[in-house]
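*Asks:* So the chains spell out like this:
Protein chains: 4
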Amino acid sequence: MAPLKLGMVGGGRGAFIGAVHRKAAVLDGDFTLVAGALSSTPEKSKASGRDLGLADERNYGSWEEMLDRELARPEGERIDVLSIVTPNHLHFPVAYAFAEAGFNVVCDKPMVTTSDEAARLVEVVEKTGVTFAVTYNYTGYPLVKQARQMVREGRLGELRKVVVTYHQGWLATKLEDEGVKQAVWRADPDQAGIAGAMGDIGSHAENLVATVTGLEPSHLCADLTTFVPGRALDDDGNLLLRFRGGAKGVLVCSQISTGEENNLSIRVYGTKGGLSWHQETPNQLLYRPLGSPAQRLTPGQPYLADAAQKFVRIPSGHPEGFIEAFANIYRSVAATIRAKRDGGDEPLQNDFPTVHDGARGVRFIETTVASSQSEKKWLELSP
Amino acid sequence: MAPLKLGMVGGGRGAFIGAVHRKAAVLDGDFTLVAGALSSTPEKSKASGRDLGLADERNYGSWEEMLDRELARPEGERIDVLSIVTPNHLHFPVAYAFAEAGFNVVCDKPMVTTSDEAARLVEVVEKTGVTFAVTYNYTGYPLVKQARQMVREGRLGELRKVVVTYHQGWLATKLEDEGVKQAVWRADPDQAGIAGAMGDIGSHAENLVATVTGLEPSHLCADLTTFVPGRALDDDGNLLLRFRGGAKGVLVCSQISTGEENNLSIRVYGTKGGLSWHQETPNQLLYRPLGSPAQRLTPGQPYLADAAQKFVRIPSGHPEGFIEAFANIYRSVAATIRAKRDGGDEPLQNDFPTVHDGARGVRFIETTVASSQSEKKWLELSP
Amino acid sequence: MAPLKLGMVGGGRGAFIGAVHRKAAVLDGDFTLVAGALSSTPEKSKASGRDLGLADERNYGSWEEMLDRELARPEGERIDVLSIVTPNHLHFPVAYAFAEAGFNVVCDKPMVTTSDEAARLVEVVEKTGVTFAVTYNYTGYPLVKQARQMVREGRLGELRKVVVTYHQGWLATKLEDEGVKQAVWRADPDQAGIAGAMGDIGSHAENLVATVTGLEPSHLCADLTTFVPGRALDDDGNLLLRFRGGAKGVLVCSQISTGEENNLSIRVYGTKGGLSWHQETPNQLLYRPLGSPAQRLTPGQPYLADAAQKFVRIPSGHPEGFIEAFANIYRSVAATIRAKRDGGDEPLQNDFPTVHDGARGVRFIETTVASSQSEKKWLELSP
Amino acid sequence: MAPLKLGMVGGGRGAFIGAVHRKAAVLDGDFTLVAGALSSTPEKSKASGRDLGLADERNYGSWEEMLDRELARPEGERIDVLSIVTPNHLHFPVAYAFAEAGFNVVCDKPMVTTSDEAARLVEVVEKTGVTFAVTYNYTGYPLVKQARQMVREGRLGELRKVVVTYHQGWLATKLEDEGVKQAVWRADPDQAGIAGAMGDIGSHAENLVATVTGLEPSHLCADLTTFVPGRALDDDGNLLLRFRGGAKGVLVCSQISTGEENNLSIRVYGTKGGLSWHQETPNQLLYRPLGSPAQRLTPGQPYLADAAQKFVRIPSGHPEGFIEAFANIYRSVAATIRAKRDGGDEPLQNDFPTVHDGARGVRFIETTVASSQSEKKWLELSP
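Chains as they are written, first to last, in numbering that gives the first Met the number 0: chain U, 0 to 382; chain D, 0 to 382; chain Z, 0 to 382; chain E, 0 to 382.
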């Protein structure tokens, strides 16, 4: 099966997440990178494109040029998917323009920076019917899909409590002043949006809760903090959550938790059992059924739900990691596009975060920031 | 060295924590149980006392009788310490009466059920000068003392963030209706006080934070819940915390987290490093200094602080547990009494939770309940 | 119930294991120490006895004196049990003499230093019918009893493979030259016997295998090494094992594994499942049934076998440790003596390592040393 | 930089390791698959090649055809590297023929099935000077490289003891009779060679020891077993090892350890410290320096050795797994070929297992089998 043609905006020299997207896209042979507008100036873009072996005629100087010239190609020769891996503030204009022109899109998170933008993007995606994915990559892990499936099947009973924590420490010092590119744009409200840690990693935590539990938050009470002097955005946040139906929750996210690396975990408790999963050891899921021994589930075993197992590549005990989970989004996007195009059976289709997940995430960030700034604190979340 | 003479109120047949107190008291040869008023009726008390081999003349029918008759004994023949291991509502009258009469006291937690009682108890303890300990036993673990010492020595720098979680699942079903004694009185406001999970285990979490960090909370915002239908008190609680000086925190406690056993943990982050400790694997402390490899500290090693090492009994790799941590309170109480009495050098003296810790814990519970019931939510804590 | 009267030989000032025996004996109220000959000279013995509050008339200068004078007491006033906690070379004369005189004995391991001594001791114990326990304390952990029970019930199917490793590092340097008492006698063949690490900890590993699996080794091939220059006995050993019935095994024990503390673990595999247990985290047992999720069993849960659960003191999640496991031997010895004496129902009786376990352990050590010294290497073990 | 051109022999429909090689080769953009002879018959080969999108003219029916026709292409248009992913018995003829013809080779392990073949292959590789890698993939993990570097730098002092264990359970039942392709050829001496578990995974364990420690075994004593009735080759093995210089070791490998997945671990102890690493949680390395706290090292941290860090792709806390480690061999092969070709600076060059590692592995397997079959048992290993 010939790979799909991938274009990319952002992800040039020195970028982190763009390289991850590229590895994820090619890992399983589903995509080939054929076009790009990779950096913020035409010169840098083209240098970055040459590094990656892009053909000159599709190594574009800007995303606008890329859009025009790809559209000018015959239909079967255009890119099949555009990946957007720029700083946050560019997600909206690029995503909107490409989606409107009928291109499928994979967009990094948070999807956009305001809920107005989110609503407009939802509208255009629904109108054009393009495939649109948001790379909340942590929900690409097979055992997260397993957890979701176990909740859906009622193996936890009625859910009561969710605790999600995301501890990072890399911004415990003022790294943005040392020229670290990842830190610089994340600390700049013009590029990152209204939230710092909350937007960067709190949004992953929100998506993890929504994916695993299916619960909808009704109210939240937030306490965001900027610990590092001189930083413009929050670098730490604590939230109380209430869900429709009565469940309660806590969300902790921090980028100043010294010594922590990428410590995202979730614990879910229901009337019949509990679950916990940790991103740094992603190949085990602990399931605690009421009154029976705790179970340690691993990928590749016969007892795994098909919904999880089909995203596993190698036998049990052979660890898959961050890139593989990320690639699961790309595999599902490819399968979805192929199914739409060819009508065939594509088992992996339609299991990735959508524009609706992206929009909900943006509203969550906005409400969190508003709660933290307000006197009232507990705020309602629109569904 | 002859053991000190211990008396006990509560802890008769079917009780859990009384037996733990007794094991803790005798483990290191510091105490012998010589007197008791162990149950709620004279008959049950005496039966329980006979089980334990108490001499008839000191196997009392009630705590009031015990107080009178112990006072009637010659000074050197009275009990040296009274342990109070009744349901919460009896802590105050018993503790007040014995302290007022000049007896040293070890009292289970929460110390009393209102801050008024707490204030009166502080007053009488200060007036009489008796030794008074509250069995917040988790802070008796050597590695908790090590964590406290490392914070004090500045190895974490300025503290920014504390996350303490206490997950239990044993009350996920309505155990109090099945006649389980431990569940029955904890679920009864007349015996337990105004709080359920918050009083029972949230208070341990509060003490752990205070002990390790030395931080004082200035404000809190609480969301307590009763999940099990028909239960009178909270069985789950989530709190946001703000500390004097700017640190922030989260406290989670729950007794409906299905499948969890006694999962208390604390994470502390400062400008120079982070720490984490888990009660279920109490013999390792993870220290993460900024920019260096994480360190796994264990008891019995030469690098341990003397403040921690002196409470370790056996070589590294030989696990000490819950009872040993509990016994460390008794060892320190014994050392303190001996030092006061004999004036000798007692290395273990004065390292146990005091009447002031107990009083602060009670105020914390009250403010938490008030916050959860109030509209305003964020409430100030008096120092 | 009145505690039993305990006497002790060895365990004076500066000793390690004697103090553990004393804590273990009193923890549950089953014993009171009433007599002792605690050190190697009368002066030191009496000083040690005074430290522990022994009455002068039972604070003996030697074990021979103790034997004579205890025998001279009226029958109900003698010690009920003698604990032997001396260096290895004294185990035999003391144990033999007291057993022959009709005293019950708790003896530290290895039981004696030659298989001839072992045979003689078995004979006298069988003749007199005294209760005789050897403190292979690691098999006192509730989850080791659980593992044994699961093997017995066939939950692992037919056993095929056993891997037991005991890594310690405390003798990686020549500690015996620094006057560390524990190291000095263990390094001296006159006190320790023919084996060093193999006798000290390899014997624990052997007992753990025998207890959990019930397998009998038929042949072994050993490679013992003395790594630290100038040391007289082995400080490291590796063994291949063959069991009657066809199972195979490996036993590793070492006291020069730098940085290791007391890392004893066992893995057992059968046709239907596998088990693993680690002494440093003794409160979890991993059970891996063929084709189903691995299970993490913990003490205090309803699914635990009664044979294990009855040795658990406190609820799940409240860690019990080394001393508690040790104390389980004492509890069972007490229960056994009471059952013999009073005929009552004593659920804890008869679950401790016996004189036969001790004798088998001595033969194992001898065969291991012989194999390591021989050219032929693989040697047969007598049953 | 244009990717190198990869050809593949083996790895067609239903194969496991071929797909891993392909993912590993493309992950970092270093290779494109352009040619293949993927299965055992021309028809199956071409069907497999079409699945993977190979152009018809390079989708060969046999490896002999592939060799002829690739040689017939102009020099710059031939494959740059041939990957051999067939069952073991074909490794030699294919590797020999391609290496002799001047092609670079990546060959799966064990490299060949006899030490004669190994010697001939070494000879031809040395003569032609081709780049030749053997995919002992576990030594591609960054933290294995870190361990090797720490040993080289003397941070463990003089090495004394090595314990390597490789527990798998997937062959605990007779899977080869159920038509599982991976099991069928591994159980067939004609395809697998003289050893089963020892050849399949014992060889990985040997390579891990050699890589991390640099020690050379001088003697070994092996006990191989076939547990599953009717199986022709060993499915379990236990080895004692002696190394030149005096260190001792144990190697355990098993494919009948029920419930185990891919549990490979290594523990190394020296006079100054110890190390341990587990493949199932590959992103932490435990270092235990004598007298200091154990350290948990993780990839992506500033303290990591450059030799390890340069093989890390993403920030700390973002798990890399089996495929990434495998891909590190391909990255280094690509860097090596480019450095030879272009003379540029290629930091990743020359860090992969070579033909000499492969040959040593084959000799190790042969000596192990001979020891297990011999009466004498302890056999010398030629260097």
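If you're looking for bench data, these hints aren't it; they were derived computationally from the structure.
Some hints here could point you the wrong way.
Remember, identical chains collapse to one label, so a pair may be satisfied in a single copy or spanning two.
[Said to hold, decoys possible] In silico lysine-lysine, DSSO-like type, Cα no more than 30 Å apart, as pairs:
no., residue 1, residue 2
1, LYS4, LYS180
2, LYS376, LYS43
3, LYS309, LYS271
4, LYS4, LYS339
5, LYS126, LYS43
6, LYS45, LYS4
7, LYS45, LYS271
8, LYS4, LYS43
9, LYS339, LYS180
10, LYS309, LYS173
*Asks:* Could you check the structure against the hints above and give me the numbers of any it violates, in ascending order?
*Replies:* 2, 5, 7, 9
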